[in-house]
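Undergrad: Protein sequence lines, in the order shown, are assigned to chains A and B. Counted from 1, the first sequence has number 93 at position 93 by our numbering; the numbering is strictly sequential. Position in the second sequence counted from 1, then plus 1000, gives you our numbering.
In silico DSBU-like pairs for lysine-lysine, Cα to Cα no more than 35 Å straight-line: (1) Lys160(A) <-> Lys185(A); (2) Lys1201(B) <-> Lys312(A); (3) Lys138(A) <-> Lys160(A); (4) Lys353(A) <-> Lys160(A); (5) Lys1192(B) <-> Lys312(A); (6) Lys212(A) <-> Lys160(A).
Simulated from the structure, these hints should not be mistaken for laboratory data.
Okay, here's what each chain looks like letter by letter:
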Amino acid sequence: MQRVYLDNNATTPLLPEVFEAMRPHFFEKFGNASSIHQQGQQAHAAIEGSRERLAELLNCRPAEVVFTSGGTEGDNLALFGMLQPGDHVITSAVEHHAVLNSCHRLEHMGCSVTYLPVNGRALIDPDDVRRALRSETKLISIMMANNETGVLQPVNEIGKIAAEADVYFHTDAVQAAGKVPIDVKEIGCDLLTISAHKIHGPQGAGALFVRKGTLLQPLFYGGRHERSRRAGTENLAGIAGLGKAAEIAHLGFRDGSVARLSQLRDRLEKTIVETVEQVAVNSGDAPRVPNTSNISFDCIEGEAMVIALDLKGLSVSTGAACSSGAIEPSHVLTAMGLSADRARGSIRFSLGKQNTSEDAEFALQLVPDVIARLREISPAYNKTHA
Amino acid sequence: MLNQTIAVAMSGGVDSSTVAAMLCQQGYPVVGLTLQLWNQRRLAGREGMPESVQGRCCSIDDVYDARHVAETLGIPYYVVNQEERFERDVVRPFVAEYLSGRTPIPCSLCNNHLKFDQLLTTARQIGAELLATGHYARNEFDERSGRWLLKRPADRSKDQTYFLFGLTQEQLSRTVFPLGDMNKADVREQAKRAGLRLFEKPDSQEICFIPGGDYKQFLDAYLDEQGEEVPDTAGELVTTTGELVGTHNGIHNFTVGQRKGLGVATGSPLYVLEIRGDQRQVVVGSDEELFSRTLRASRLNWITIEDVHEPMKVQAKIRHRHQPADAVIEKVGDDELLATFDQPQRAITPGQAVVFYAGDIVVGGGWIL
Chain A
1 MQRVYLDNNA TTPLLPEVFE AMRPHFFEKF GNASSIHQQG QQAHAAIEGS RERLAELLNC
61 RPAEVVFTSG GTEGDNLALF GMLQPGDHVI TSAVEHHAVL NSCHRLEHMG CSVTYLPVNG
121 RALIDPDDVR RALRSETKLI SIMMANNETG VLQPVNEIGK IAAEADVYFH TDAVQAAGKV
181 PIDVKEIGCD LLTISAHKIH GPQGAGALFV RKGTLLQPLF YGGRHERSRR AGTENLAGIA
241 GLGKAAEIAH LGFRDGSVAR LSQLRDRLEK TIVETVEQVA VNSGDAPRVP NTSNISFDCI
301 EGEAMVIALD LKGLSVSTGA ACSSGAIEPS HVLTAMGLSA DRARGSIRFS LGKQNTSEDA
361 EFALQLVPDV IARLREISPA YNKTHA
Chain B
1001 MLNQTIAVAM SGGVDSSTVA AMLCQQGYPV VGLTLQLWNQ RRLAGREGMP ESVQGRCCSI
1061 DDVYDARHVA ETLGIPYYVV NQEERFERDV VRPFVAEYLS GRTPIPCSLC NNHLKFDQLL
1121 TTARQIGAEL LATGHYARNE FDERSGRWLL KRPADRSKDQ TYFLFGLTQE QLSRTVFPLG
1181 DMNKADVREQ AKRAGLRLFE KPDSQEICFI PGGDYKQFLD AYLDEQGEEV PDTAGELVTT
1241 TGELVGTHNG IHNFTVGQRK GLGVATGSPL YVLEIRGDQR QVVVGSDEEL FSRTLRASRL
1301 NWITIEDVHE PMKVQAKIRH RHQPADAVIE KVGDDELLAT FDQPQRAITP GQAVVFYAGD
1361 IVVGGGWIL
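The shape of chain A in the complex, shown without the other chains:
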């Protein structure tokens, strides 16, 4: 059975060049970068090479890049690394759980947290950020792009507010990297999280940008790796992959691959909206990353739709957090003010660089039929269409 994968915001497949960049590090160039000998030097060189790629992607200095195990660790490091009991943090209601649950923990430990609401387009109002500032505010953490809707937050403005208030600014850019250009100077952030497996790199690798002069408490104690900011022998192959992925991501803005992605997403979205009745694109008119389309279908259980599509070969998601069987309505869609019904009937399509127009065609063949069948069975739909 043909399978098409349109859930790239969950994770992405490696690009072949990324795997090729990783391969030598499994068997030949396998060393521990802290070792004095040849293998160590090779490993060290590879890691520093990747570090430079990240620096180019983010427009920062290589020394400002800390390698981590991924986005969650990066978010944790940014938050727990910067905050002490008594500090105040400003964040948003639509952050990834890595930020939200870290904030809950920080509250438990004696910090205070303000969770800013979003409007109907899932956007933060920078004025709300300003109004939430207090004397004890130490850090603002607002994501650059949302994983469920793809909406881009006004991080540049928030960066200015942070600078004026002399408060640190962290942004989770996990879903933004490779999709929109990132310039830490332009944003004005002090910390920024990247994850490899969202940009066609391997799972288990990521990076945290830490502006020079930012005093960060590490999460892991041990050796002096990453300038004593993150102990632990480096995930060499992972970092090599991340570096290559970052390079390709950066190139994507010039070689047409991101533009192509944008066109594909637009076509998919437009066709669905035109062929299927009673649909709405969630946050369609807010600034968005070019690969994501979150659409709600009236009178449909998103869960049933995902399963039905999966059984026919199409992989998408509801964008709702799933933890061991308990599926909660999306906190993001809820924060946007979507009714429970509409939130439950939402599907997220997220494209990656490996997707082709044939993939989009495949989806467009399946989706209207599945919707029609589900609606046929749906008592709610039949009530309004009897």
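Since the structure of chain A is already known, use the hints to place chain B on it.
TA: Only chain B this time, still in chain A's reference frame:
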């Protein structure tokens, strides 16, 4: 039929796991579904409730087990979350029944609303017209009457038809019970041969949302969580002649036939005969007084017939662990049935189900008033 996708309701137990394995072996395209009905962690640790929760039907561990079976068999597997509906259609009525002095059966409600309603709908939504479960029961289409029949299984000791009396014709037409002709030992043997490591897993006998089995603790913990008070229904313990013999601290603490917990010391043992909710009275009496020849039932579901138009001889079960007893049933109201037993039956309990059999065949059933 072999190209028809069959969904299997997988609880993580040996029975439903074996069903999945058997259908795979027979070549059907199988999809595994687990209903996530109750978050076991919700009340854990509250006063009286167990701290940690071992595997009980549909707990997180059971989901892992079901998923592992699906992975072993190589079938698609999905968890369907119906916590909201379960709370609304099973848990809340359960609580309300106890607080009214009746003894509920949540498993029948779950079958009616979740397993054979919601799950059948979900199965259809994802392209499976048929749903297979691990229930010990049999169903078949009777050409003569043009109706689907529900019948007792080969393994009488595992007979679950008592809980399935509420199934409609439509539900029966889309359900498959592959274990109907097997006994438990055979099922475990099949599971073992299919390479399922849970073939020795003990059966779950309790109410799935009450780990530890103490329904009183559950009522307290649940109402507390909901910010509600356990209503004060303390009142009198009386005999059938109205004589006051003591007091009680709440009608939900009692069930018909109960002997313990009365707090009354007399010469001979006393049993709960009746719970009068509105008067907050618990009527107690001797063992002989527990016997009765009649009961009334409502909210009836008929399987072999459309309705009871004239008095009918059946065998009736008044609780799961009960030998079906000869009785005559007749309609006495729009939604009321009178059952008259040949022999007096012990501890007929309002809130329980009464299920009517004609030999092996389930005629229908209803809820005891």
